[in-house]
Structures are given as structure tokens and as C-alpha cells.
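Residues per chain, in single letters:
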Amino acid sequence: MYSLPFKEMTFFKVRYLLISFILFFVAILVFVISGLANGLSMNNASSIINMPAQSFYLQKSAEDRIDRSHLRVDLEKLTAKSEAQPIGIQMGAISKVNSEDKLDITFMAVQPGSFLDPAGQGLETREENAVFLDRSLSGTVKKGMIVEDARSGVSLKVAGFLDDQTFSHTPVALISLGTWGEIAGRSGKSEFNGIAISKENVRVKKEIASLMKNGEWVEKDQVVKGIPGYTAEQNSLYMMLSFLIVIAVFVLAAFFYIMTIQKTVQFGILKAIGAKSSQLVKSTIFQVIMLTIVSIAAAVAFTKGFMEILPDDIPFIFDFVQIAKFSGILFLVSIFGSLLSVLNIVKADPIQAMGRVE
Amino acid sequence: MMMEPLILEDVEKSFKDGDKVNHIVKNLSFRLKMCEVVAIVGPSGSGKSTFLSIAGALQSPDRGKVIINGTDIASFSDVEKANIRLNHLGYIFQTSNLVPYLKVEEQLSLVLKMANQWSKDSKRKVKAMLIAVEMEHRSKFYPHQLSGGERQRVAIARAFINAPEIILADEPTASLDSNRSIAIIELISNIVKEQNKSAIIVTHDEQILPLCDRIYVMRDGQLIEQGNRK
Chain V
1 MYSLPFKEMT FFKVRYLLIS FILFFVAILV FVISGLANGL SMNNASSIIN
51 MPAQSFYLQK SAEDRIDRSH LRVDLEKLTA KSEAQPIGIQ MGAISKVNSE
101 DKLDITFMAV QPGSFLDPAG QGLETREENA VFLDRSLSGT VKKGMIVEDA
151 RSGVSLKVAG FLDDQTFSHT PVALISLGTW GEIAGRSGKS EFNGIAISKE
201 NVRVKKEIAS LMKNGEWVEK DQVVKGIPGY TAEQNSLYMM LSFLIVIAVF
251 VLAAFFYIMT IQKTVQFGIL KAIGAKSSQL VKSTIFQVIM LTIVSIAAAV
301 AFTKGFMEIL PDDIPFIFDF VQIAKFSGIL FLVSIFGSLL SVLNIVKADP
351 IQAMGRVE
Chain A
1001 MMMEPLILED VEKSFKDGDK VNHIVKNLSF RLKMCEVVAI VGPSGSGKST
1051 FLSIAGALQS PDRGKVIING TDIASFSDVE KANIRLNHLG YIFQTSNLVP
1101 YLKVEEQLSL VLKMANQWSK DSKRKVKAML IAVEMEHRSK FYPHQLSGGE
1151 RQRVAIARAF INAPEIILAD EPTASLDSNR SIAIIELISN IVKEQNKSAI
1201 IVTHDEQILP LCDRIYVMRD GQLIEQGNRK
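So the sequence lines, in the order shown, correspond to chains V and A. Position 331 of the first sequence, counted from 1, bears residue number 331 in the working numbering, the numbering being contiguous throughout. Position 18 of the second sequence, counted from 1, bears residue number 1018 in the working numbering, the numbering being contiguous throughout.
Same shape as in the complex, but just chain V (with noise of 0.2 Å):
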């Protein structure tokens, strides 16, 4: 029976290649935007995204927001406890010395060698005021060149650059806990933004909690969507995401519904000679199914290979599981617009096939 759907295939070519092509069109776009919301998230908040926190202990009225919350913070009684790190996040501006031009960043500090740290050991072993910086700039400063907080005017040495780090699309500049009491200066010392643990911990998160009495815990994917623009960002390209699947389920089920009612009268014979509902039924499901496949896995390799001539100015992340995630929605998406046509199959009448009826 399964030659059947195919050698109908073969004899309609350009029906079914056009089908195949809107499939093909839809399946693309959904992934290219999937993979821009991606590479924006990732643009914006590599930072956050990648650290290796469970939560964060966040001042009350900063309303999930890091860069708002302000705690002061005894870091005598913290740093006996390595389970809580303190993180610090200041926007600002460094200039290469003797240049007018700034360059726009956000400031991170953290305790060197903690599970905060993304460069490892690098800040503990540093010399003076040490810094890493995100690899976008790696262009415009040197390693080893000295940058000028704008500032506070402090000098700091680029002792590396580390990948993804950003937060709010800037590039981050990691600095040691002391680095960051100079740059903040007497008044801002011991002021931080907030307080991190790696993994749920229910006793150092009470214990945190009774030190400081204005703050609250919260997860880091809220922290996360905090982050300025990343929320906005985020929301408007999944907006467009789930309109068109939403259209997609239309097109398509109007494609498949016009398909089948062109094939009412050739339902009608073959039901008349035989063919019961549930093998006509069966035989459309396959050609939906072998449609939606080659059709879904053309627009993954395409999508594969717009990632590649993609300039690298445009943020996009072929992210596999996410991609297959949205491929398994598409393929529901167009089974679900063929369930209106197995109506109609299982509606057509052989009556019909006898060429009138009274």
C-alpha cells in the first residue's frame, strides 16, 4: 500500500513541491529567528547565562534587577563561607591611556579562584589591578596594555580575554574584589550588588538572609531576564516565533484541505473499488509525514548554512536542541493541518465517484 502515496508524489511533482517549499520557507524562518533570539540572549546576557550560579541573593526593592540592587556587605563574615560569593556589577567606560576615546563596559567583580570566577586562577595570580576582558574587544586593546577607568581614573592591566562574557550588550571587565574597592572608592567598598550561590543550599541561604535583613533570593534565569533589554529582546522575537507557527497551522492546513478536496471524486473510486477510510486515511498521513521530514530537515541544513555566510556582527547561535525542539512543533503544526483533510476523506462518498447523484 505504501506505493501508493509515493507514486502520487512522483506524478504530482510541482504540487508537491510546492507544498514542501512553503514548509521549507516557514521551517526556515522559525529557526533563523529562533537562532537570532538565541544569539541576542546570548549577546546580552552571556555573562549571567554561563555562570555557574543556582540563585542570587538580591536587594528587595530592586525588583529581580542586579544592576539596581545595592547590599552592603561584611565581607570578613562572608568569605569564611566560599559557598557565598559576593558579585559586584558597575556600569562604566575605560579609555585606553593618553586617548579621548571610552569604551563602553560593565564591570564584574568577583573573589579570584571562586566558582564565580570564569578565568579560573587567572585574577589571583595577577599582577596589580589586573583585568580579563570580553573577546569583542580584543580588537581595540592589547593584552598586556594598560586601560584607564573613566571614571575613578584607577590603571588597570588586560591580562587576558575570556569568551561570552556580556551583560546588557556591553562587554564585561572582570576585576578582583579589590580592584573593585578602588574603583568604588571609600563610600562604595563594601557595597555589592549581590550575593551568589553555586547550588540550592537552604541553611547558607537563611544564614545569608539573617545577615542582611532588606534582601531576597532569587533564581537566575529571573535574574536574568533583569537584565536591561534582555526581556524586551526576548519577547518580541518569540512574539513573532509564535505567530508564525500559528500561521503556519493555517497555510498548511489550507494547502492539505484544498490538496484532499481536489482528490474527493479519486477517494470516491477508490473507496468504491475497495479502499476502506482508514488506508486513505493512512496513505495521506504518510505523504504528510515524508513531506514535512525532507521539507524540515532541507531547511536545517540551510539554516546550517546561512549560519556560516552570517557577518559576525549579527549575533546567531545554532543552537541543535532548540532547533529540534522547534522542528518537532513544525511537524506537529502540519499533521495537526492535515487532520481537517482525514474529515474530508473519511466524508467522501463513492456515491459521488458514479458521476451524479439523485
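Check the hints yourself; a few may be wrong.
[Said to hold, decoys possible] Calculated lysine-lysine pairs in the DSSO-like style (CA-CA distance at most 27 Å, straight line):
(1) K282/V to K7/V
(2) K1103/A to K13/V
(3) K1120/A to K276/V
(4) K1113/A to K13/V
(5) K347/V to K1016/A
(6) K1127/A to K7/V
(7) K157/V to K96/V
(8) K1016/A to K1033/A
(9) K220/V to K102/V
(10) K282/V to K1193/A
(11) K1123/A to K282/V
(12) K1120/A to K7/V
(13) K325/V to K276/V
(14) K220/V to K206/V
(15) K1125/A to K347/V
(16) K7/V to K1123/A
(17) K276/V to K1193/A
(18) K7/V to K1125/A
(19) K282/V to K220/V
(20) K1113/A to K1193/A
(21) K1065/A to K7/V
(22) K7/V to K276/V
(23) K1140/A to K13/V
(24) K1065/A to K276/V
(25) K60/V to K157/V
(26) K13/V to K282/V
[As the list claims (entries may be wrong)] Quick list of the computed label-pair ranges, beta carbon to beta carbon:
(27) D1019/A to M240/V: 46 to 56 Å
(28) H1137/A to I335/V: 41 to 51 Å
(29) D1177/A to I258/V: 32 to 42 Å
(30) A297/V to G1045/A: 50 to 60 Å
(31) A324/V to G1045/A: 14 to 24 Å
(32) I245/V to P1100/A: 49 to 59 Å
(33) S1147/A to A324/V: 33 to 43 Å
(34) H1137/A to T10/V: 20 to 30 Å
(35) F306/V to R1124/A: 53 to 63 Å
(36) N1179/A to V14/V: 30 to 40 Å
(37) T10/V to S1122/A: 18 to 28 Å
(38) Q262/V to H1137/A: 24 to 34 Å
(39) I293/V to F1141/A: 43 to 53 Å
(40) S1044/A to L339/V: 16 to 26 Å
In case anyone wonders, no lab produced these hints; they're calculated from the structure. Here a beta-carbon is modelled for each residue, glycine too, at the ideal position from N, C-alpha and C.
Place chain A on chain V using the hints.
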């Protein structure tokens, strides 16, 4: 006595037309004998097609018995009726109604495959059937490459391929010229006699009547016998 492959007893079928009930077929009884070709004529709207669709297990009657090969199918489900169609009935339509994307030989093998009758012997069977309707030279052609008469020959071959006892033909000559019409009916008649089948032909075509064994007229939902050649 030879078994009668099709018996209709006191069959009734009505349709609702607005708030009026229309009796299309009423108190209809009919017996089809082996090896005979029966023609049914009548004005349009007299119930010919309804009769054919009840006899052909496409519709169930409201009342009465439809006995095909000794089994009353009047209350069969759709799936059971599909099986009856597949194994005991062959259809020939007004237009050939071939499946557009299948080659001539595939039109025939499809029926066998659906009936799970496909075996090593089937290829030979398909070929023999195509020779019988003089279409063997066209076996690799698609329907759109054939003439109207040729397509109807293929349709006849398709109707006979699964060895059904009864052939139901609905205006099989409506789209053909008179020479071809006669040739087609002769072909049906010949196969019926050779293979011990029986056929019902619903038609408007007066010139084919002499080729049929019995002629019935459908009038007001009843079948009235008009002529008997025997």
C-alpha cells in the same frame, strides 16, 4: 438450481427533501441470475442510481433485504461494505475514473493488493486480463495518455480483475461514440459469459439494449421487466 448472486427483496429508500419525505425506491424486488447481463433504463430521477448504489453496497436501504452471494448486507457497517465491494463487486463508471497517477497495469494490481490477493501468479493474471480487453500493449501508459474508449476498457479490466461475481456499470457508454459503445458492451457481455459472472448496466443508450439478456424499466421506484431475449 444455480445460486442467484444478487437478490433484492422489498427494498425501500427515502430521502428527506425539506420537510417532505421522498421515496426514491419503494417495494423494490429484483433477482439477478448467473451469466446474464441486465439493462436498466428509465427517466432521470427515477431512482436508477439509488438502486445501483444499494445493490452495489455503497448505501444501505431503509428497509428490505440485499442478499449478495447468500449474505444479507442491508445492515452491514461501512468497513464490512467496503470488503463486500472489494471481493464480490466490480464497478464501471460513467467516466472511466481511473487513478491518474497509476499506470494501466498498476490500476489492476492495486485492486488485488487492496484485497490482499497479491501473489506470484498475479502479474500473469493482470496481463491476461489486459489481453482480454485488448489493452496489453498499453500496460505501461498513464490514463491521460489513453483515449476515452481505451480508458473504459481499462476500467472494465479493473472491475473484473478480482473475480467479482457481480459487475455494476453506471452509464458505461455515456462518454463514447456509438461504435465504441457497442464494442464496450460486447466486451462486458463476453467476459460475463466466459467467466460465469453477471452484470447490471444502468443506461440511457437504446442501441446497447439488444446486447442485454433482460431489460428493466425503472419507474416510480419500481423495476418493471420489459423484455426478455430468452
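Each hint tested on the structure:
This hinted pair checks out: K282/V and K7/V have alpha carbons roughly 15 Å apart, not beyond 27 Å. The straight-line distance between the Cα atoms of K1103/A and K13/V is roughly 16 Å, inside the 27 Å bound, and the hint therefore holds. For the hint pairing K1120/A with K276/V, the CA-to-CA distance comes to about 24 Å; that is within 27 Å, so the pair holds. Among the hinted pairs, K1113/A with K13/V is consistent with the structure: their alpha-carbon atoms are about 25 Å apart, no more than 27 Å.
Of the supplied pair hints, the one linking K347/V and K1016/A holds, its CA atoms being roughly 19 Å apart against a limit of 27 Å. Distance check on the hinted pair: K1127/A and K7/V sit about 21 Å apart at the alpha-carbon level, within 27 Å; holds. In summary, the hint linking K157/V to K96/V is supported, as the alpha carbons are separated by about 10 Å, within the 27 Å threshold. A C-alpha spacing of about 33 Å is found between K1016/A and K1033/A, which places the hinted pair above 27 Å, so the restraint is violated.
Distance check on the hinted pair: K220/V and K102/V sit about 31 Å apart at the alpha-carbon level, beyond 27 Å; violated. Of the pairs offered as hints, the one joining K282/V and K1193/A is violated, with about 39 Å between alpha carbons and a cut-off of 27 Å exceeded. Distance check on the hinted pair: K1123/A and K282/V sit about 26 Å apart at the alpha-carbon level, within 27 Å; holds. The straight-line distance between the Cα atoms of K1120/A and K7/V is roughly 22 Å, inside the 27 Å bound, and the hint therefore holds.
Restraint check: the Cα-Cα separation between K325/V and K276/V comes to about 35 Å, which exceeds 27 Å; the hinted pair is violated. Note on K220/V and K206/V: the hinted pairing holds, with a Cα-Cα distance of about 18 Å set against a maximum of 27 Å. This hinted pair does not check out: K1125/A and K347/V have alpha carbons roughly 33 Å apart, beyond 27 Å. For the hint pairing K7/V with K1123/A, the CA-to-CA distance comes to about 19 Å; that is within 27 Å, so the pair holds.
Distance hint between K276/V and K1193/A is unfulfilled; the C-alpha atoms sit about 30 Å from each other, more than 27 Å. For a cut-off of 27 Å, the pair hint linking K7/V to K1125/A stands: about 22 Å separates their Cα positions. Restraint check for K282/V and K220/V: not satisfied, since their Cα atoms lie roughly 47 Å apart, outside the 27 Å limit. Between K1113/A and K1193/A the CA atoms are separated by roughly 26 Å; this keeps the pair inside 27 Å, and the hint holds.
A hinted pair counts as satisfied when its Cα atoms are at most 27 Å apart, and K1065/A with K7/V does not qualify at roughly 40 Å. A C-alpha spacing of about 19 Å is found between K7/V and K276/V, which places the hinted pair at or below 27 Å, so the restraint holds. A C-alpha spacing of about 19 Å is found between K1140/A and K13/V, which places the hinted pair at or below 27 Å, so the restraint holds. The suggested pairing of K1065/A with K276/V holds, with an alpha-carbon distance near 24 Å, which does not exceed 27 Å.
Of the supplied pair hints, the one linking K60/V and K157/V is violated, its CA atoms being roughly 35 Å apart against a limit of 27 Å. Our distance criterion of 27 Å between C-alpha atoms is met by K13/V and K282/V, whose separation comes to about 20 Å. For the pair D1019/A and M240/V, the beta carbons lie near 53 Å from each other, so the given range of 46 to 56 Å is met. The given range of 41 to 51 Å is respected by H1137/A and I335/V, whose C-beta atoms sit roughly 43 Å from each other.
Taken as a hint, the range 32 to 42 Å holds for the pair D1177/A and I258/V, whose Cβ atoms sit roughly 35 Å apart. Between A297/V and G1045/A the beta carbon distance is about 54 Å. The supplied range of 50 to 60 Å therefore holds. Range check, A324/V to G1045/A: about 60 Å between beta-carbon atoms, so the 14 to 24 Å window is missed. Here the CB-CB span from I245/V to P1100/A is close to 34 Å, at odds with the stated 49 to 59 Å.
The hinted window of 33 to 43 Å between S1147/A and A324/V is violated, with their beta carbons roughly 53 Å apart. At about 24 Å, the CB distance of H1137/A to T10/V agrees with the hint of 20 to 30 Å. The hinted range of 53 to 63 Å is satisfied by F306/V and R1124/A, whose Cβ atoms lie roughly 54 Å apart. Checked against the hint of 30 to 40 Å, the pair N1179/A and V14/V passes, with Cβ atoms roughly 37 Å apart.
Restraint check, T10/V to S1122/A: a C-beta distance of roughly 23 Å satisfies the suggested window 18 to 28 Å. Checked against the given bound of 24 to 34 Å, the beta carbons of Q262/V and H1137/A, roughly 31 Å apart, stay inside it. Our hint of 43 to 53 Å for I293/V and F1141/A is violated, since their Cβ atoms are close to 32 Å apart. In this structure, S1044/A and L339/V break the distance hint of 16 to 26 Å, their C-beta atoms being roughly 38 Å apart.
Hints 8, 9, 10, 13, 15, 17, 19, 21, 25, 31, 32, 33, 39 and 40 from the list above are not met by this structure, while the remaining hints are.
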